[in-house]
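Chains as they are written, first to last, in our numbering: chain S, 2 to 118; chain W, 298 to 411.
There's no promise every hint is true.
In silico BS3-like links for lysine-lysine, alpha-carbon gap of 30 Å or less [claimed, not checked]:
no., chain 1, residue 1, chain 2, residue 2
1, W, 354, S, 4
2, S, 39, W, 354
3, S, 110, W, 354
4, S, 4, S, 110
5, S, 110, W, 310
6, W, 310, S, 39
7, S, 4, S, 39
Anything over 12 Å on all C-beta distances counts as not near chain W; from chain S, calculated [unchecked claim]:
no., residue
8, 68
9, 69
10, 86
Please keep in mind that the hints were generated in silico from the structure rather than gathered at the bench. Computed from a prediction, not measured in an experiment: that's the story for all the values here. Cβ coordinates follow ideal geometry from the N, Cα and C atoms, glycine included.
Here is how the chains run, residue by residue.
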Amino acid sequence: AQKVTQAQTEISVVEKEDVTLDCVYETRDTTYYLFWYKQPPSGELVFLIRRNSFDEQNEISGRYSWNFQKSTSSFNFTITASQVVDSAVYFCALSGESGGSNYKLTFGKGTLLTVNP
Amino acid sequence: KAGVTQTPRYLIKTRGQQVTLSCSPISGHRSVSWYQQTPGQGLQFLFEYFSETQRNKGNFPGRFSGRQFSNSRSEMNVSTLELGDSALYLCASSSQLGATGELFFGEGSRLTVL
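Given the sequences, and given the hints that come with them, work out the whole structure.
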């Protein structure tokens, strides 16, 4: 069975601070995919990044960066110089390649990030 | 390019009633998946439809059902509503079967059961 753990339920920071959202996953699949989604108050889940299990290179996109470490089964997300518009719930998710895990996303419980001005 | 459209956005029902939710995927996408989001259980997979056929189903009772039309629009139905069915129901569309690629989500239908 697959599992995603986001230990941080809520994080509150002041604008311009850097913040890291943690994600730890469990899977028996050799090939798997990790995702981060953002859920603003409007409700929709907005795709941020997809990473497959064979690509451990860190990725940076503007103020966002992701650190994937297979050795610790972690896929952490850092926002540099946070802004009020970054306030949202962030979800880490996992899907696998096997027949029992490739058809759905397994989500963590989410981390509510509040960025205060 | 229009995004995923879900209707209605909000609805209130009473126990025992049934409800139908609608999802129009991104043009050209043939896969539609449904997820239920509750404060207690989080986001859980309901089912996926691809080319008018249910391909996968999550661990939900038979009261939850769905269908997909030839234009890829999908509906989900919940019969004999229970209080615990109160949730945000999210629809996601994709160009491929399964969840290994990017899913595009709608804003959801928020169902309240009284």
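How the hints compare with the structure:
Of the supplied pair hints, the one linking residue 354(W) and residue 4(S) holds, its CA atoms being roughly 18 Å apart against a limit of 30 Å. This hinted pair checks out: residue 39(S) and residue 354(W) have alpha carbons roughly 25 Å apart, not beyond 30 Å. Among the hinted pairs, residue 110(S) with residue 354(W) is consistent with the structure: their alpha-carbon atoms are about 21 Å apart, no more than 30 Å. Note on residue 4(S) and residue 110(S): the hinted pairing holds, with a Cα-Cα distance of about 10 Å set against a maximum of 30 Å.
Between residue 110(S) and residue 310(W) the CA atoms are separated by roughly 27 Å; this keeps the pair inside 30 Å, and the hint holds. Between residue 310(W) and residue 39(S), the direct Cα distance comes to roughly 29 Å. Compliance with the 30 Å bound is thereby established for this hinted pair. Straight-line distance between C-alpha atoms of residue 4(S) and residue 39(S) comes to about 19 Å, which keeps the hinted pair within the 30 Å bound. Against chain W, the non-interface label of residue 68(S) holds: every CB pair exceeds 12 Å, the least being about 20 Å.
Residue 69(S), annotated as away from the interface, keeps every beta carbon of chain W farther than 12 Å; the closest lies near 16 Å. Every Cβ of chain W is farther than 12 Å from the Cβ of residue 86(S); the closest lies at roughly 17 Å, confirming the non-interface assignment.
In summary, the structure agrees with every hint in the numbered list given earlier.
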